[in-house]
Every structure is written in C-alpha cells, then in structure tokens.
Amino acid sequence: MRERFWERFPLDALTEEEWEALCDGCGQCCLLKFQDDEGDLAVLNVACQLLDIGSCHCSDYDNRFARVPDCQQLTPERIEDFRWLPGSCAYRRLAEGRKLAGWHPLISGDPERVHRKGISVRSFAVSQAEVPDEELEDHIIAILPIDG
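Once you know that position 144 of the sequence shown is 144 in my numbering, the rest is easy, because the numbers rise by one and skip nothing.
Simulated from the structure, these hints should not be mistaken for lab results.
Hints are supplied without guarantee of correctness; some may be wrong.
[Claimed, not checked] Each computed DSSO-like pair below joins lysine-lysine, with the alpha-carbon atoms no more than 30 Å apart:
id, residue 1, residue 2
1, K99, K33
2, K33, K117
3, K117, K99
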C-alpha cells in the first residue's frame with residue numbers, strides 16, 4: 001500500500017487493498033437495518049449471521065454476497081448510497097473531507113483500539129441466528145432519517 005494513501009489520494013483512486021484497509025473493523029455496517037416508507041432507517045443491535053461479533057469481521061467475506069443476498073458492497077462509486085454509515089466510519093469521514101480518527105488502525109497501529117474506545121458492536125450486538133424474525137422489531141436501537 002502507498003504511504004498514508006488516505007491523505008494523498010481520493011477514494012476513487014485507491015487500490016482494492018487500500019480501500020479494504022480503510023475498514024476500521026467496527027462491524028456497524030453489518031448490523032441489520034430496515035427502511036420504512038418515509039425513508040427512515042431502523043438500525044438493530046442484531047448483526048448479520050456471518051459477522052463474528054468477537055472480532056467484528058465477516059466469517060465468510062469471500063462468499064458473503066452468495067450467502068447473504070441483502071449484503072451490500074461499499075464501493076467508492078456507491079459511497080453516497082451509504083449515508084447511514086456512522087460518523088466514525090473511515091469511508092464516511094474521508095468522503096466528507098474529514099481525517100481518520102486517531103483510534104483508527106491505520107493511525108494507531110492497533111486494531112483492538114476500535115473496541116476499547118467503544119466504537120465497535122462487540123459489546124452490544126447479538127447474532128441474527130439467535131433472534132427469531134418476529135422479535136427483530138424489539139431490537140431497534142436507532143431510527144435514522146435518510147434524505148432522498
């Protein structure tokens with residue numbers, strides 16, 4: 001990877017390896033979400049069945065789209081479709097012209113720092129495999145207004 005690539009290049013000029021390295025490992029993008037007719041997004045504390053909650057990494061990353069049809073790939077071209085990403089997310093921060101947070105692994109050199117800082121879902125998420133569909137509504141933790 002190029003030195004401090006996140007400061008030197010726009011998102012659409014990153015290599016695939018650099019793009020992937022921007023992920024801070026928080027797991028927030030893997031929480032289930034439902035969008036209502038008004039466009040608001042309900043975020044649940046229920047993580048995708050493939051998320052290893054302890055590590056906050058996908059347990060089958062290479063096959064995730066085949067195994068989870070609703071899984072959405074974040075790409076530089078689609079960054080505007082993901083306005084629901086948390087303000088802490090490196091992809092969102094860089095797209096908005098902000099710097100990476102000091103706890104980000106690319107800055108701190110410590111992939112566990114995201115967990116110690118309470119940014120990750122490790123401390124509160126439950127697996128989709130443990131929650132029956134009829135109980136999902138009971139697991140809403142936030143309602144996000146999503147414009148257009």
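Status of each hint after checking the structure:
1. K99 x K33: holds (27 Å)
2. K33 x K117: holds (23 Å)
3. K117 x K99: With a Cα-Cα distance of about 17 Å, the restraint between K117 and K99 holds, given a limit of 30 Å.
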